[in-house]
Every structure is written in structure tokens, then in C-alpha cells.
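Quick note, the sequences are listed as chains R and L, same order. For the first sequence, the working numbering assigns the number 124 to the initial residue and increments by one for each residue that follows. For the second sequence, the working numbering assigns the number 214 to the initial residue and increments by one for each residue that follows.
No wet-lab data here; the hints were simulated from the structure. A portion of the hints provided could be inaccurate.
Unchecked claim - Covered stretches of chain L (chain R as the covering partner; in silico rule of three or more C-beta atoms under 8 angstroms from a C-beta of chain R):
1) 225-237
2) 258-272
3) 284-291
Unchecked claim - What follows is a list of derived Cβ distance ranges for each label pair:
4) L:T233 x R:S197: 39 to 45 angstroms
5) R:M134 x L:E257: 21 to 27 angstroms
6) L:P267 x R:T128: 43 to 49 angstroms
7) L:N265 x R:I169: 46 to 52 angstroms
8) L:A215 x R:A194: 51 to 57 angstroms
9) R:Y177 x L:Q293: 24 to 30 angstroms
10) L:G255 x R:S153: 41 to 47 angstroms
11) R:Q179 x L:T251: 25 to 31 angstroms
12) R:K178 x L:A285: 37 to 43 angstroms
13) R:Q179 x L:N264: 18 to 24 angstroms
14) R:P132 x L:S240: 15 to 21 angstroms
15) L:Q230 x R:A194: 38 to 44 angstroms
16) L:E257 x R:N181: 44 to 50 angstroms
17) L:G255 x R:N190: 22 to 28 angstroms
What the hints assert, rightly or not - Partial list, derived from the structure: chain L residues whose beta carbon lies under 8 angstroms from chain R:
18) S240
19) G241
20) S244
21) M253
22) Q315
Think of the CB as a built atom: it goes at the ideal place given N, C-alpha and C, for glycine as much as any other residue.
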Amino acid sequence: AQTVTQSQPEMSVQEAETVTLSCTYDTSESDYYLFWYKQPPSRQMILVIRQEAYKQQNATENRFSVNFQKAAKSFSLKISDSQLGDAAMYFCAYRILILTGGGNKLTFGTGTQLKVEL
Amino acid sequence: DAGVIQSPRHEVTEMGQEVTLRCKPISGHNSLFWYRQTMMRGLELLIYFNNNVPIDDSGMPEDRFSAKMPNASFSTLKIQPSEPRDSAVYFCASSLTGGNIQYFGAGTRLSVL
């Protein structure tokens, strides 16, 4: 079974600084997707960024970028120029590429609570 | 599009009562997912449908839980009878079958007293 591990329950960052959230996963599959979702106090789950395992290039979305290390099964999220609105719970998630059976479901990590300080 | 719509946003009920949570997926999406979020277990998949057919219900905790998708635009998750340990936030999400992004609703916070 696939597992996703986020070893940092809480992180803090100063406004305008950079922070990196860690995620590791365990899978025997070679093709899969990885995601970072953000959950602010409003409770809404918002997709931040996604990465296809077959792509070597790290995904980037504005101030958010990932460091995807397939061999190490590591998928960290870097937030640059942190803003107060970035304060939220961040979840790393995994999905296999094959769509048959249960292939479409997401497996989530336990989350990292990010605090942004003035 | 209005996104995934869940109702109610909050539900408070007493132990033993029946609870029904509702979800309207994004129009055109043919995969629908129900997740439960608790402090102890995090986010866990309960069941998911593809083209209105349940594909994987291995996450449904017990017979008290049931889910239906009578058509492409509506799904329900029912708990009967409810218990205090069912208190959680329940999320519905939808996606295209071939798509790799799941879009989440705002969730229903259920409190069973």
C-alpha cells in the first residue's frame, strides 16, 4: 500500500522569507502523481501544485515550487516570499497513474501547519 | 462553474439519529469521492464513484455508513445510526475520469452529541 509521510507537524516562517515543507512517500509504482493541497482556516481544500512522476522538471506555480527526488521518494514544497495568506495546513498527496480499480484515489499525508509571522 | 457544492455546512445531531450529507459535483465530472477528516486519522477516502457506480468502498467504516449516486449531479452519504465517533469534517470531491486533479467542496462539519 502507498503511504505518504509529512514529518513536520508545524512550521513557522517570517513574512517575505522562504520555507520548505517536507514530504516522503512509499510506492512500488513507477508512474504516479504528487500534489500539495492547502487547507486554510476556511476548511476549503485548495490545490497548490502538482507533479507528474514521469517529468524530471520540477513543477512551479508562481511563488510555489517543488523539489521532486524520485529515487529518494521525496517531494518537498518551497514557498518563496511568504505571505500572511499562506498560513494554512498543507497536505501532500499521492495518486497512481493507472485509472483502473482504485487508481483514481488520493492518499494524503498527515499535514503540516504553516504559521506566517510578521 | 460553482465548484463542488456540499450541504449542509454544519450539522449537529444527537447520537442515534440519521444524518444525510449531500454533494453536487462539478458539471461534467464523472468521478466523485467522499473523504473524512479527523484529528486522529487525518484525511481518509471513504468511497468513490465513477460514472455513478461505486468503484472502491473499502474505506467505508462500517454498515452504518452508506453512499449513493443516483445521477451524475448528486450524491449522498448517510450515517444511520450516528455515533459521537462519527464527528468529523466530511469532504466531497470530483474530477474527470482521466483528469488528475480532484476539486473539493467546502466540507460538512458533523457533530454527533
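How the hints compare with the structure:
no.	hint	in the structure
1	225-237	violated (count 0)
2	258-272	holds (count 6)
3	284-291	violated (count 0)
4	L:T233 x R:S197: 39 to 45 angstroms	holds (41 angstroms)
5	R:M134 x L:E257: 21 to 27 angstroms	holds (23 angstroms)
6	L:P267 x R:T128: 43 to 49 angstroms	violated (29 angstroms)
7	L:N265 x R:I169: 46 to 52 angstroms	violated (27 angstroms)
8	L:A215 x R:A194: 51 to 57 angstroms	violated (42 angstroms)
9	R:Y177 x L:Q293: 24 to 30 angstroms	violated (44 angstroms)
10	L:G255 x R:S153: 41 to 47 angstroms	violated (26 angstroms)
11	R:Q179 x L:T251: 25 to 31 angstroms	violated (37 angstroms)
12	R:K178 x L:A285: 37 to 43 angstroms	violated (32 angstroms)
13	R:Q179 x L:N264: 18 to 24 angstroms	violated (34 angstroms)
14	R:P132 x L:S240: 15 to 21 angstroms	violated (38 angstroms)
15	L:Q230 x R:A194: 38 to 44 angstroms	violated (51 angstroms)
16	L:E257 x R:N181: 44 to 50 angstroms	violated (29 angstroms)
17	L:G255 x R:N190: 22 to 28 angstroms	holds (23 angstroms)
18	S240	violated (19 angstroms)
19	G241	violated (16 angstroms)
20	S244	holds (6 angstroms)
21	M253	violated (10 angstroms)
22	Q315	holds (6 angstroms)
Consistency note: the structure conflicts with the earlier hints numbered 1, 3, 6, 7, 8, 9, 10, 11, 12, 13, 14, 15, 16, 18, 19, 21.
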